[in-house]
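Enquirer: Okay, here's what each chain looks like letter by letter:
Protein chains: 2
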Amino acid sequence: MQLGLSVSDSDVSSFTPLVVLELADDTKAEAITWLLNRIRDKQQNGDGEGFLSDAECQYIIKHELDTLRAKNEEHVPGYPKLKLYPGKSVVRRLQSKGVLIQYFPLHNKEDLKRLSFSWYKKFKLSLQPLDDIRHYFGEGLALYFGFLEYFTFALVPMALIGIPYYLFDWEDYDKYVLFAVFNLVWSTVFLEVWKRCSATLAYGWGTLSRKKAFEEPRAGFHGALGFNPVTGREEPVYPSSKRQLRIYLVSVPFVLLCLYLSFYVMMVYFDMEFWAINIYNENPDIATSILLFVPSIIYAVVIEIMNLLYRFAAEFLTDWENHRLESSFQNHLVLKVLVFNFVNCFASLFYIAFVMQDMVLLRQSLATLLITSQILNQVMEAFLPYWLQRRRNKKVHKRMRRLMGDKELPLLGQVQLETEMNTYLGTFDDYLEQFLLFGYVSLFSCVYPLAAVLVVLNNITEVYSDAFKMCHVFKRPFSEPAMNIGVWQLAFETMSIIAVVTNCALIGLSPQVKAYFPESDTQLILIVVAIEHVLLAFKFILAFVIPDVPKHIQVNLAKLEFDSLEALKKRVSTHFLKKEP
Amino acid sequence: MQLGLSVSDSDVSSFTPLVVLELADDTKAEAITWLLNRIRDKQQNGDGEGFLSDAECQYIIKHELDTLRAKNEEHVPGYPKLKLYPGKSVVRRLQSKGVLIQYFPLHNKEDLKRLSFSWYKKFKLSLQPLDDIRHYFGEGLALYFGFLEYFTFALVPMALIGIPYYLFDWEDYDKYVLFAVFNLVWSTVFLEVWKRCSATLAYGWGTLSRKKAFEEPRAGFHGALGFNPVTGREEPVYPSSKRQLRIYLVSVPFVLLCLYLSFYVMMVYFDMEFWAINIYNENPDIATSILLFVPSIIYAVVIEIMNLLYRFAAEFLTDWENHRLESSFQNHLVLKVLVFNFVNCFASLFYIAFVMQDMVLLRQSLATLLITSQILNQVMEAFLPYWLQRRRNKKVHKRMRRLMGDKELPLLGQVQLETEMNTYLGTFDDYLEQFLLFGYVSLFSCVYPLAAVLVVLNNITEVYSDAFKMCHVFKRPFSEPAMNIGVWQLAFETMSIIAVVTNCALIGLSPQVKAYFPESDTQLILIVVAIEHVLLAFKFILAFVIPDVPKHIQVNLAKLEFDSLEALKKRVSTHFLKKEP
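Top to bottom, those sequences are chains A and B.
Taken in order, the first sequence gives residues 1 to 581; the numbers are from full-length UniProt numbering.
Taken in order, the second sequence gives residues 1 to 581; the numbers are from full-length UniProt numbering.
Since the hints were made in silico from the structure, they are not lab data.
Any given hint could turn out to be false.
[Unchecked claim] Cross-link-like lysine-lysine pairs, in silico, DSS-like; alpha carbons within 25 Å at most:
#1 B:121 to B:569
#2 B:211 to A:570
#3 A:62 to B:569
#4 B:81 to A:212
#5 A:211 to B:551
#6 A:88 to B:569
#7 A:71 to B:97
#8 B:62 to B:475
#9 A:212 to B:570
#10 B:212 to A:559
#11 B:211 to B:569
#12 B:551 to A:242
#13 B:475 to A:212
#14 A:71 to B:195
#15 A:71 to A:88
#16 A:62 to A:475
#17 A:570 to B:88
#18 A:71 to B:394
#19 A:212 to B:195
#20 B:121 to A:569
#21 B:62 to A:570
#22 B:97 to B:28
#23 B:394 to B:109
#24 B:211 to A:211
#25 A:62 to A:212
#26 A:211 to B:569
#27 B:81 to B:97
#28 A:88 to B:559
[To be verified] If you want the ones that stay clear, here's a sample from chain B, every Cβ over 12 Å from chain A, calculated:
#29 77
#30 95
#31 225
#32 229
#33 242
#34 263
#35 308
#36 315
#37 420
#38 422
#39 453
#40 529
By construction, the Cβ of each residue, glycine as well, lies at the ideal position given by its N, Cα and C atoms.
Can you build the whole structure from these sequences, using the hints too?
Expert: What follows is the structure, encoded as structure tokens:
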């Protein structure tokens, strides 16, 4: 690869590059000149340096690039086939045709050093520097780390209760009723309190009452040229009915097929399980007792692989559905992935708990699934990319040295290095992992009280490994303003509703409770169902009554609005009285 | 009472009065002069006549009166005890101390004639003139009549299915499963479609994306003088903790006590019921078979009386809770009234259905309750006020004639007449009645298919009697802009959730379904519960997936916002480039 820095004529030392655009190797010179002119056209007014953080400047640059629109050009200069029409986003056209390979913000070495020191390099018991993270990476990522921290802290009481439970009641499978009640309350309160924390963070960062920007069509969206009914601009139009057909005739059946496959794999796992138990029963020694765990471990690995493969399929399908907006694409992707991952991870546990009603097997399965998936996750998420990154870094360093000799060329080197880094694909996978962990804990931790302890341990290392990978494994991502964790709040809330139902059912199944109704199962079931309905109603009332935004922030927001209204009134009245010059 | 029209010096014939302020008989002259001067102060710019409808002008006048604030006056002239402080609402102070008795908008005789003709005077099968109603009474009331109409139409299919059901399956108590399933789907779809209808109406009237105006403290709110943290103005402040104490230590126990009383009355009713059945069994003839209905009728009347008494108590208590905002007052009042009315009206039906499991008694009770309460309602709501009004009108006419001789003085006469008319207290009672009817239909109509027919008949007369009472029995109310039916949407949705649960339980109890599980009740219950959970989940997903605002309105709103954004951008850029003169 040849490296041409278009800024090489200006003074490199005093210049802090923010964003890198990587063009294809064989890009025509005239196209480059044209693009630079067009970008500089937009640059007239310049940013107020120092006033905005790096991350904000980068966000603005991204916005400016994304809204760079063709005027009268019929095609990209040098590329007669890359047709343009007035209003078409230039960057998207270049990107979709492979001329512009990528554009990404550059790391700021000094800020990064400072951030990573306060974040994960010193061993500390203090909280994460969320404001610094937000300053460097933007609100979206800072909210993720805020959530991770909050979730971990919220699990501590559960872990503390879980340890003695685990140590002293290990053989006493019946005593889980109290723990199930605790889980049930915990999972409801957890999310309500988070909403308030999230509002407090977002208020502090000024994004709480942010209006959604007008959304442009996503890069991959295609269709016949038509008119947007809202903007009146020319843009590709794709009939919604066609998309619906694709969703209901292809995507939905595909998801159902995958779910069936997942069930099939589950049944194979149960066959393996029985086979292992039989061998153990025939010949109980250490070797066969270890064998008991093998089916679960294999199943856990298979689950992770299936999740991974499905993820690619879901992305492909959702892309093919041709959604106009990024948000709609994301919603459909999240829905597809969540449904499958939920079934894939939890179906076997539900089956063991409610069809087989075997609490010993449930406990063993849960433990193996949880531990195996955590280990796999840490490896796949942090160690593997880190190791690949190191190998790549070394190669790049070597090549740079061969190319430049011993001359220092920090900027060019940095760009070269970061260009080859992996791209961070957003917080999707990180939230998904937390979602599944939340599921394990809130659904079934009453039969395996150590689950919370394991998740706390996992999340502590997760903070470090996520922090490390953000700073050193991935390209710096563009910062994205966010006022909350978006669709994930809904996903976690749905899980907490399922948790109420599940825990009520587990309580109903417990021998302890059953002992109260020795004669009639009917009465027991009716009472459990009644309690469950009351709890669900209570949960909804609670969610409704607890304000999502703390009182003092509500007052501040109201004050802001009142002041702006008063100012508007004054302006209007002076306008009427004096007729502005 | 002496009548002094302060406009009597201007030309009466060309002047259309909009709003009447009734001051106390012994109001000091200097206070009147001061108040008129202060009001005229505000009037400088005048309204663009013809541009706004009467109702809108009246709304503006009300707003102007409500925001008439004291400047430097220490007290109301002539009333040294009526203290004022800068920023205090003048009208509220006058009102709370009984100087200003009331202020209300006047009817416009010609518009009213036209409206009432197209609304209820001609016998027609066409829809109500919602746009005209909105024009004369404002959006809040028009939405109520829109809802009433929509509800009635939505019930027609149910009534049509109900009639043959009632005629041919009357003795066959088992065949209600299908009807229960229909109810279940109907109650969900009903509310989702209404949301879209309501959005369409509100969009047409321009109130759909209306921002809530800044809310002033309500008239009855009192407390030590302090500073409002939002506006910085001096105003009464009442600590929220004290209010919470009043709510939880007085209001909640009182409501619970009333609920207990309601249960007690229910038990007395059952005793009466058994006593009547015993008499009938001992000596079955026509007299005793009529006696069978007497307990239900008495109970229905007692329920209505208890609802009425409770209503007064709830208003008193909520007022005493001293809420700062009218909206918060309304929410607490609605909650109190709804909980009690729901229990009072439906507890006996639930008891009969699920504890006694006596479907024959349930049907009989439901029929008697429904018919009795409808008759009572129509009497209390329309005929009684109408009759009282006619008596009062005659008296006023007689007195006017005695006072003025035979001289025509239409304006003074109209003011005099309308002053003594009852005040319309808002749509609360009307919605409450519809809410209870919705409950009867969606909860239990499967065992008494004629319920929908009765409700349809009731609502047809309701439209006429409500229309009549709005036009001729009550003072014209101030129009109130509204974008939807507010808290009632939530109330109806809650009822529809209860309807799903109830109908599932009724299905589970039906002999038809029970026949499929001859051996085990347990299995039946588990299956019914599972189906109920799936239905509830489906209901929530449906509510989430169906957009509340129809597509074409969404596009129009987006276009509006886009255009205003573009206009803002242009304004900002010309500002930057040219530096406005």
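Enquirer: Hint by hint, note whether the structure agrees.
Expert: Tested hints:
Straight-line distance between C-alpha atoms of residue 121 of chain B and residue 569 of chain B comes to about 53 Å, which puts the hinted pair past the 25 Å bound. With a C-alpha separation of about 19 Å, the suggested pair residue 211 of chain B and residue 570 of chain A falls inside the 25 Å cut-off, and the hint holds. Proposed proximity of residue 62 of chain A and residue 569 of chain B is supported: the alpha carbons are some 18 Å apart, at most 25 Å. Restraint check for residue 81 of chain B and residue 212 of chain A: not satisfied, since their Cα atoms lie roughly 52 Å apart, outside the 25 Å limit.
Proposed proximity of residue 211 of chain A and residue 551 of chain B is supported: the alpha carbons are some 21 Å apart, at most 25 Å. Proximity of residue 88 of chain A to residue 569 of chain B is assessed by CA-CA distance (about 19 Å); at most 25 Å being required, the pair is judged to hold. A distance of roughly 68 Å separates the Cα atoms of residue 71 of chain A and residue 97 of chain B; the hinted pair therefore is violated under the 25 Å criterion. Of the supplied pair hints, the one linking residue 62 of chain B and residue 475 of chain B holds, its CA atoms being roughly 15 Å apart against a limit of 25 Å.
Of the supplied pair hints, the one linking residue 212 of chain A and residue 570 of chain B holds, its CA atoms being roughly 20 Å apart against a limit of 25 Å. Distance restraint check for residue 212 of chain B and residue 559 of chain A: the Cα-Cα separation of roughly 14 Å lies within the 25 Å cut-off, and the hinted pair is therefore satisfied. For the proposed pair residue 211 of chain B and residue 569 of chain B, the alpha carbon gap of about 22 Å is at most 25 Å, so the pair holds. Taken as a hint, the residue 551 of chain B and residue 242 of chain A pair is honoured in the structure, with Cα atoms around 17 Å apart against an allowance of 25 Å.
Restraint check for residue 475 of chain B and residue 212 of chain A: not satisfied, since their Cα atoms lie roughly 45 Å apart, outside the 25 Å limit. Only pairs whose Cα atoms come within 25 Å are accepted, and residue 71 of chain A paired with residue 195 of chain B is rejected, the gap being roughly 43 Å. Taken as a hint, the residue 71 of chain A and residue 88 of chain A pair is honoured in the structure, with Cα atoms around 8 Å apart against an allowance of 25 Å. A hinted pair counts as satisfied when its Cα atoms are at most 25 Å apart, and residue 62 of chain A with residue 475 of chain A qualifies at roughly 15 Å.
Of the supplied pair hints, the one linking residue 570 of chain A and residue 88 of chain B holds, its CA atoms being roughly 20 Å apart against a limit of 25 Å. Between residue 71 of chain A and residue 394 of chain B the alpha-carbon distance is near 77 Å, which puts this suggested pair outside the 25 Å criterion. For the proposed pair residue 212 of chain A and residue 195 of chain B, the alpha carbon gap of about 24 Å is at most 25 Å, so the pair holds. Distance hint between residue 121 of chain B and residue 569 of chain A is unfulfilled; the C-alpha atoms sit about 45 Å from each other, more than 25 Å.
Between residue 62 of chain B and residue 570 of chain A, the direct Cα distance comes to roughly 21 Å. Compliance with the 25 Å bound is thereby established for this hinted pair. For the suggested pair residue 97 of chain B and residue 28 of chain B, the alpha carbons sit about 14 Å apart, so the restraint of at most 25 Å is met. Note on residue 394 of chain B and residue 109 of chain B: the hinted pairing holds, with a Cα-Cα distance of about 18 Å set against a maximum of 25 Å. Only pairs whose Cα atoms come within 25 Å are accepted, and residue 211 of chain B paired with residue 211 of chain A is accepted, the gap being roughly 14 Å.
For the hint linking residue 62 of chain A to residue 212 of chain A, the alpha-carbon distance of about 16 Å falls within 25 Å, and the restraint holds. Restraint check for residue 211 of chain A and residue 569 of chain B: the C-alpha separation of about 16 Å stays at or below 25 Å, so the hint holds. A hinted pair counts as satisfied when its Cα atoms are at most 25 Å apart, and residue 81 of chain B with residue 97 of chain B qualifies at roughly 10 Å. Using a Cα cut-off of 25 Å, the hinted pair residue 88 of chain A and residue 559 of chain B holds, with the two alpha carbons roughly 19 Å apart.
No Cβ of chain A approaches the Cβ of residue 77 of chain B within 12 Å, the least distance being about 27 Å, so the stated non-interface status holds. Remark: the non-interface label on residue 95 of chain B is consistent with the geometry, its nearest Cβ contact in chain A lying 24 Å away (cut-off 12 Å). The Cβ of residue 225 of chain B lies farther than 12 Å from every Cβ of chain A, with a closest approach of about 19 Å, so its non-interface assignment holds. The beta carbon of residue 229 of chain B is not kept farther than 12 Å from every beta carbon of chain A, the shortest such distance being approximately 5 Å.
Consistency note on residue 242 of chain B: stated as away from chain A, and its beta-carbon is indeed over 12 Å from all of that chain's, at 16 Å minimum. Remark: the non-interface label on residue 263 of chain B is consistent with the geometry, its nearest Cβ contact in chain A lying 17 Å away (cut-off 12 Å). The beta carbon of residue 308 of chain B sits about 27 Å from the closest Cβ of chain A, which is more than 12 Å, so the claim that it is off the interface holds. Every Cβ of chain A is farther than 12 Å from the Cβ of residue 315 of chain B; the closest lies at roughly 22 Å, confirming the non-interface assignment.
Separation of residue 420 of chain B from chain A is adequate, the least Cβ-Cβ distance of about 39 Å exceeding the 12 Å criterion. Listed as outside the interface, residue 422 of chain B is consistent with that label: its C-beta sits roughly 35 Å from the nearest C-beta of chain A, beyond the 12 Å cut-off. With 12 Å as the threshold on Cβ separation, the claim that residue 453 of chain B sits away from chain A holds: the shortest Cβ distance comes to roughly 31 Å. Residue 529 of chain B, annotated as away from the interface, has a beta carbon of chain A within 12 Å; the closest lies near 5 Å.
Hints 1, 4, 7, 13, 14, 18, 20, 32 and 40 from the list above are not met by this structure, while the remaining hints are.
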